[in-house]
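Undergrad: Sequence:
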Amino acid sequence: MGWAWPQLNDRSSSAKKSPHVKPHGSRRAFDQPQQRPPRTRSGRENSLLGGQRGTGVDIVDARGARHVSSLPRSTGAALWVALAILTGAPSHAAQDGEALARRHCTGCHGFPDPTLLDRATWLEEVLPWMRVLLGLEPGRVAESPDAALYRKLGVFPASPQIPEDVFARIRDYYAEHAPASLALRSPLPAEELTDLQLDVVASPDQVSTTTLVHVRAQGGFVLGDAARRELVVHDRTGREASRLHVGNVPVHLVETEQGALLTSIGDFVPRERRHGEVVALRRSADGLAYGRLLLEGLARPTHTAQADLDGDRRRDLVVCQFGYHTGRLSWFRAKEGGGFEEQLLHEGPGALRSEIRDVDGDGHLDVVALLAQHFEALWVFRGDGTGRFQAEQLLPQSPVFGHTDFAFGDLDGDGREELVIANGDNGEYESPPKPYHGLRLYRQTGPLAFAEARFLPLYGATQLRLADVDGDGDLDLAATAWFASWAEAPREGFVLFDNEGGLRVSRHVLPHAPLARWMTLDAGDVDGDGAIDLLVGARSEGPGAPPEELGASFRASGIRALRLETARSPAP
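Residue numbers (the working numbering): 22 to 593.
Take the hints with a grain of salt, since some may be wrong.
Claimed, not checked - Here are the computed distance ranges between Cβ atoms for each label pair: (1) 573 x 223: 13 to 21 Å; (2) 318 x 251: 17 to 25 Å; (3) 258 x 465: 34 to 42 Å; (4) 469 x 202: 37 to 45 Å; (5) 201 x 511: 18 to 26 Å.
None of these hints come from the bench; they were simulated from the model.
For clarity, every value in this text was computed on a predicted model and none was experimentally measured.
Note that the Cβ used here is the ideal one computed from N, Cα and C, for glycine as well.
Kindly generate the complete structure, drawing on both the sequences and the hints.
TA: Structural data, given as structure tokens:
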């Protein structure tokens, strides 16, 4: 997801938001789901490396059309980059640095304005990584643990795509026009949450690795632990009821009539290998039990939604495969007799989460998805009810924007839903806080048109939920900030925005020093009293390290999650 950072053996610690290549897609058929078979990790890697096809790849595009690619998968990505870089341009000598940047730095994303990052980040992090993507540093790719897979998928070009002197002029342009530093803000005024009861969920380990929190519809909640690769089910009182070892890193849970769908990312720290999966869980007497494996070999999936998208009365799946250098957004058609067939919606990394809803009011379900990486935008895939979709990009942003989450809800009580989008992923580089990180509130001005109405600054905004937390009858907004600015605003790791009407809010923070590094978030009635509770999960370690003393406190806290319960009665 946007909150997971990459690894490539280079001089920088990480490098996620740089441009990525665009691979060719394929249609994959998933046979009848089976019980999880015993196997070794090496067997999965061999299956992945041996499963890529060459020429004649059968592709199902967003409109449902099938066609055959004439390019081998191993060359398609690099060729796509080469074409984006090299087609139809005047001589390099006739162009200045900005013109060269606009020509060479827009093949995979919009133009990255120099003012969006400080000079040191451009020169020490972004542009050195750009050299790798342009084939100017092949040795650094060879050092990666995924080097063989990169070659198999054609992720990086095999030869330089631009001359060294051209790259030098682009570098000089960013060095000259980037600011020495970004303007940072002081902590915004915020009240302490004094009318919420705080219940700590202790971790069996000193360092918390919570990657999933979910409030159950029947009450109680579920936590996902990355280190232990398990789900922990708690009852309405908060007592631990059961544990389920899932053998993977759980990141998303959605309830179904039979139990739940569990999405596991495979690798939280980005790798190109595809170990992600979707599993059907069934209800048990004390929680959840393993049901059957539905999908496997996925590219770091982060979210799964379920609905009948083609009118055959079978439940299809929409899976966001965030990936790393490659990824995709797909829907999986449920086949008669069992199993699924993948239908491509969007090829490329960065799919974070989706909602299935009728956005345009034509009576058919559409897919709304938030994408990060180089395609930073909200996308709508308009369905016709038969399984065909038309893609439309909404609200595109800069490639350094860092999308993380979104939600729909009627915040001002006028009967029309607003859209809230969070951006705050700051894990791509050792970069300073970004003043444009936060929550943006959009009013809907047409069936597929939105206008920004309010910006709520929040360094490192990660997950958000809309819920009536204080029981006054309107929707409040809660958000975590896993990439908070620990030096400038250390108490903004969790913020509750109390709705005061008319899209006006007041900020509230926890009434003490930061207890943990909050990442995941959910809202619901945990104890069955009719009031909304907030469940906040902690992952102690990650990019963007806090000051040494605070970081040591996070690692030693032993806090897995925090439950916040309002002291007020719900609105009648």
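Undergrad: Which of the stated hints cannot be reconciled with the structure, identified by number in ascending sequence?
TA: none
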